[in-house]
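Line order of the protein sequences matches chains F and V. The numbering of the first sequence is the working numbering, which starts it at 1 and goes up by one. The numbering of the second sequence is the working numbering, which starts it at 1 and goes up by one.
Check before you lean on any hint, since a few could be wrong.
Claimed, not checked - Selected chain V positions facing chain F (in silico; Cβ < 10 Å): (1) L11; (2) S32; (3) F34; (4) G41; (5) K42; (6) E45; (7) Q80; (8) S84; (9) A90; (10) T92; (11) K98; (12) L99; (13) F101; (14) G104.
Stated by the list, open to error - DEER-style ranges, computed between Cβ atoms: (15) F:T79 with V:A17: 27 to 35 Å; (16) F:S22 with V:E15: 22 to 30 Å; (17) V:Y71 with F:Q98: 46 to 54 Å.
I should point out that these hints are in silico values taken from the structure, not numbers from a laboratory. Even glycine gets a Cβ: it sits at the ideal position worked out from N, Cα and C.
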Amino acid sequence: DGGITQSPKYLFRKEGQNVTLSCEQNLNHDAMYWYRQDPGQGLRLIYYSQIVNDFQKGDIAEGYSVSREKKESFPLTVTSAQKNPTAFYLCASSPPGQSETQYFGPGTRLLVL
Amino acid sequence: QKEVEQNSGPLSVPEGAIASLNCTYSDRGSQSFFWYRQYSGKSPELIMFIYSNGDKEDGRFTAQLNKASQYVSLLIRDSQPSDSATYLCAGTQGGSEKLVFGKGTKLTVNP
């Protein structure tokens, strides 16, 4: 059963806390992406990775960190430096040779307590 | 700043009508364009992509691209209530695989 999974579905963060969002894919996709979606806004790119052990900042990387130790996994950490973390976080991946064609996971909704 | 612009709507059409969704982009280097459908509270789902000028048809959906006018559109024929969603337009940033997304157009199909 192939696909992109994200967990948890909902996540609550306390002030000053770091939280990590999981993104896993078993599609053998090379490239993976993290986006943030706010109400009434387009998707904004946080980080992306085209190969294992390499990743680049997107348009709004401040307050976030990522790792890409395995092809299948691209976790996103929302650090305490991110002052407005409440949003819908979407992970996407692209097939080999079609790096611009992105498929999305189900998303994680992050709320601040 | 590379931008993709969409009319936020809402666009309301009766069941069975043609829904026309439009998108303009500022980056002349953009090569590929994508339409995603996003139901409320869900993640975007890829429904169409287009690389070449002209029309591309897939079932009830037709994507149209005019690079000279920097214009992309999505036509949905025989609209159904299940088509009610927000439709996101995205284009590649010139020379890269990164996508720039519009804010989306909310479509409502009335039974």
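Check the structure against each numbered hint from earlier and tell me which ones fail, lowest number first.
Going through the list in order, the structure violates hints 1, 7, 8, 15, 16, 17 and respects the others.
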